[in-house]
Amino acid sequence: MAAARLKVASSRDTILRNAQARVAHLRGQASPSQEERRAVLSALTSGLPSDRTAHFVERARASDAAVSRLSSVSEVPAALADLISGAAEPTVCVPDAGALRDLPWAEAGVRTARAPSSRHDDASAIEAAAGVAESGSLVISAASHDTPQAMLLSGQTVVVLFESAIATTFEDALRAVRSRGLRSRVVFLTGPSRTGDIASRLVIPAQGPRRIHILVVEEDGS
Amino acid sequence: MKSTTESFGKNARDALADRRLQRSLPVIHEFRRDHERATGALPGYAELKRIGRQIREHSLANVATLLTEFEQTAEAAGARVHWAADAEEARRHVLDICAARDARRVVKAKSMVTEEVGLRAALQEAGYRVWETDIGEYVLQLADEPPGHVVAPALHKGLDEIDELFATAHGTASEGGRSAEQLVEEGSGVLREQHAAADVGITGANFLVAETGSVVLLTNEGNADLATSLPRCHIVVATLEKVVRGLEDASLLWRLLSRAAGQEVTTFTSVLTGPGERGESGGPEAMHIVLVDNGRSDLLGGEFHDALRCVRCGACMDHCPIYESIGGQAYGWVYPGPIGAVVTPGLTNLEESADLPQASTLCGVCEEVCPVDIPLPSMLQKWRRRAVEELPQPARSTWALALWRYFASRPKLYRLATSVVARLLYLLSFGRGTLRRLPLLSGWTASRDLPAPEGQTFQRAWRRRG
Numbered sequence: 551m552a553a554a555r556l557k558v559a560s561s562r563d564t565i566l567r568n569a570q571a572r573v574a575h576l577r578g579q580a581s582p583s584q585e586e587r588r589a590v591l592s593a594l595t596s597g598l599p600s601d602r603t604a605h606f607v608e609r610a611r612a613s614d615a616a617v618s619r620l621s622s623v624s625e626v627p628a629a630l631a632d633l634i635s636g637a638a639e640p641t642v643c644v645p646d647a648g649a650l651r652d653l654p655w656a657e658a659g660v661r662t663a664r665a666p667s668s669r670h671d672d673a674s675a676i677e678a679a680a681g682v683a684e685s686g687s688l689v690i691s692a693a694s695h696d697t698p699q700a701m702l703l704s705g706q707t708v709v710v711l712f713e714s715a716i717a718t719t720f721e722d723a724l725r726a727v728r729s730r731g732l733r734s735r736v737v738f739l740t741g742p743s744r745t746g747d748i749a750s751r752l753v754i755p756a757q758g759p760r761r762i763h764i765l766v767v768e769e770d771g772s
Numbered sequence: 105m106k107s108t109t110e111s112f113g114k115n116a117r118d119a120l121a122d123r124r125l126q127r128s129l130p131v132i133h134e135f136r137r138d139h140e141r142a143t144g145a146l147p148g149y150a151e152l153k154r155i156g157r158q159i160r161e162h163s164l165a166n167v168a169t170l171l172t173e174f175e176q177t178a179e180a181a182g183a184r185v186h187w188a189a190d191a192e193e194a195r196r197h198v199l200d201i202c203a204a205r206d207a208r209r210v211v212k213a214k215s216m217v218t219e220e221v222g223l224r225a226a227l228q229e230a231g232y233r234v235w236e237t238d239i240g241e242y243v244l245q246l247a248d249e250p251p252g253h254v255v256a257p258a259l260h261k262g263l264d265e266i267d268e269l270f271a272t273a274h275g276t277a278s279e280g281g282r283s284a285e286q287l288v289e290e291g292s293g294v295l296r297e298q299h300a301a302a303d304v305g306i307t308g309a310n311f312l313v314a315e316t317g318s319v320v321l322l323t324n325e326g327n328a329d330l331a332t333s334l335p336r337c338h339i340v341v342a343t344l345e346k347v348v349r350g351l352e353d354a355s356l357l358w359r360l361l362s363r364a365a366g367q368e369v370t371t372f373t374s375v376l377t378g379p380g381e382r383g384e385s386g387g388p389e390a391m392h393i394v395l396v397d398n399g400r401s402d403l404l405g406g407e408f409h410d411a412l413r414c415v416r417c418g419a420c421m422d423h424c425p426i427y428e429s430i431g432g433q434a435y436g437w438v439y440p441g442p443i444g445a446v447v448t449p450g451l452t453n454l455e456e457s458a459d460l461p462q463a464s465t466l467c468g469v470c471e472e473v474c475p476v477d478i479p480l481p482s483m484l485q486k487w488r489r490r491a492v493e494e495l496p497q498p499a500r501s502t503w504a505l506a507l508w509r510y511f512a513s514r515p516k517l518y519r520l521a522t523s524v525v526a527r528l529l530y531l532l533s534f535g536r537g538t539l540r541r542l543p544l545l546s547g548w549t550a551s552r553d554l555p556a557p558e559g560q561t562f563q564r565a566w567r568r569r570g
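Protein chains in written order, with our numbering: chain L, 551 to 772; chain U, 105 to 570.
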């Protein structure tokens, strides 16, 4: 065991020493400045319309997510009840300990669970920490695996996104998410899962999430 | 992974004669259209390319410092970092981690470096049940074949072949003719069960972020996120050049990578920092990151340093006329296409892979479409030069070059000889402009006509022009 540790330590040192020596003559290489980065991001977003929410909705729909708009978070249980109304004895997994968990689900006739089920009739309800207008992506940020599991395993993934949390770029969204402390899981999710691996034909869904429905809430969620 | 680069010529001939493969390969024309659409639609793409290249150059120039920082931040976030100088050490780390966790079942998302180090075979030999969970890789596991493309590993497999493979493996009664949707549904169901039962999930990494200790993964199917969300242990196997300084470097690069691969943005861009907290349905309590060198640090700072900028988008192979003709498996190792022909001699050895840099028309499109401007054609030429300098050459080419040198260093004799040969070839073509057969040049004329000279040399025609 001691010998194994010694070997591990020596591999680390050998790799780093070798790498360091071989690039010594390149150390002056500059990283792009903040101005250069800002200029690129400005060029990348130059064609975006001024209505960030409308653009997010358009891009999200283009990624095969469904989108509905609500004026208040209190409308979420009823909206979700509508989405699963045709299903047989549906259960909605609500993993978050936050705002969604405290909503009056029972009043809307929605049966909730903590653990996700992969039955096609079941759904999950999770909250996005942010949205990205340039791509129509949702930012799912979580410390525990409950939220990613609900996102991945459910028959239908319903994501609540407050309009005020829609950022223009990935970088803006990252800054917003990091300002609350970088969590162990930050997933930029753009539409349902997909694959082109079977005879190069695009198939949606692949392994999960199967369907995504975004509820964009106008009311400020902060 | 076992290399067959030494028999590249035979591999290529077999690929040209493989009807199923030849039926599948034209799909890369669609990949080219996707690339053009995704890059052309983005205002500022040229600027993004320029800054992306600068980020990669900066990352490589500071790779040792960034890796040291990454080790500290990743471990502070709860991951454990392991260093592997070569393939054997990478396999050993993963086997040790699995053994320490008393694991039995392993799920593995698509990762080129795990192919490179032969990880699945090593795990299976040690008695683990291993499932490739990317649907394309799963198809190839069932077919017992290596990947043929860095992004679309099973692009050479037709619908009927996959139907047969699934029917045999899953015991499903198929009379053939199942759709891609049906096959994905069936494969996903099988793989979902394996994810739920697995003890260890293995993934690669697209980027390693020094500032935060994060691993960034770009995927579409959801299998990589399942592999990092359900098993109790997540092992990342990543090569050392994947490190970048900050998340804002990674975000610019993931735009470039997905656009160059033909997609505006991948379905999942997952930033994983530490193992996270276990959930209602389980999930990792441990995260291990194996940093693999396997010859890369020797390429740093040298003639082939720029190849390490590669972000594995596959654009160079999608646009390569050679790849289009023979597919990826004929290249004989992990990385096909122009980037494969550059990195394979560097990561394995030139002696066995000297034919790969010859497999290029040097048309230059690979460099044009590369999102980080890797000068692939000039690197292929460098390998060709080194092959001539360092390896014994076939007697026929040595003899032919010696003959050419003899004539070329005697201008009068050269002019006389070329005018005689030009006249002779013109006469042999019987005015058709092409030659169908020619002694000593059957390698050329067996598959295409040789353009015939017009009867006089260029020098003579120039003189007559006055």
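These aren't lab readings, by the way, just hints derived from the structure by calculation.
Keep in mind the model is a prediction, meaning the values are calculated, not measured.
Even for Gly, the Cβ is constructed at its ideal location relative to N, Cα and C.
Honestly, I wouldn't trust all of these hints.
[Claimed, not checked] Computed footprint of chain L on chain U; a stretch qualifies when at least three of its residues, placed anywhere within it, have a C-beta under 8 Å from a C-beta of chain L: (1) 146-157; (2) 260-274; (3) 320-327; (4) 392-403; (5) 413-421; (6) 436-444.
[Claimed, not checked] Dumping the calculated DMTMM-like pairs for lysine to aspartate or glutamate here, alpha-carbon to alpha-carbon at most 25 Å: (7) U/Lys106 x U/Asp459; (8) U/Lys153 x L/Glu721; (9) U/Lys153 x L/Glu657; (10) U/Lys153 x L/Glu639; (11) U/Lys153 x U/Glu407; (12) U/Lys153 x L/Asp722; (13) U/Lys516 x U/Glu493.
Against the structure, the hints:
Note: the region 146-157 of chain U has 6 residues with beta-carbon separation from chain L under 8 Å; the three-residue rule is met and the coverage holds. Check result for the region 260-274 of chain U against chain L: holds, 4 residues qualifying (beta carbon to beta carbon below 8 Å, three or more required). With a cut-off of 8 Å between beta carbons, the region 320-327 of chain U has 4 residues touching chain L; three or more are needed, and the interface restraint holds. Requiring three or more residues with a Cβ within less than 8 Å of a Cβ of chain L, the coverage given for the region 392-403 of chain U holds, as 4 such residues are present.
Remark: the region 413-421 of chain U is not confirmed as covered by chain L, as 0 of its residues place a Cβ nearer than 8 Å to a Cβ of that chain, below the required three. With a cut-off of 8 Å between beta carbons, the region 436-444 of chain U has 0 residues touching chain L; three or more are needed, and the interface restraint is violated. Under the criterion of a C-alpha separation no larger than 25 Å, the hint pairing U/Lys106 with U/Asp459 is consistent with the structure, at around 17 Å. With a CA separation close to 17 Å, the supplied pair U/Lys153 and L/Glu721 stays within the 25 Å bound.
Only pairs whose Cα atoms come within 25 Å are accepted, and U/Lys153 paired with L/Glu657 is rejected, the gap being roughly 53 Å. Restraint check for U/Lys153 and L/Glu639: the C-alpha separation of about 51 Å exceeds 25 Å, so the hint is violated. Restraint check: the Cα-Cα separation between U/Lys153 and U/Glu407 comes to about 22 Å, which is no more than 25 Å; the hinted pair holds. The hinted pair formed by U/Lys153 and L/Asp722 meets the criterion: a straight-line CA distance of about 20 Å does not exceed 25 Å.
For the suggested pair U/Lys516 and U/Glu493, the alpha carbons sit about 30 Å apart, so the restraint of at most 25 Å is broken.
Taken one by one, the earlier hints fail for this structure at numbers 5, 6, 9, 10, 13, listed in ascending order.
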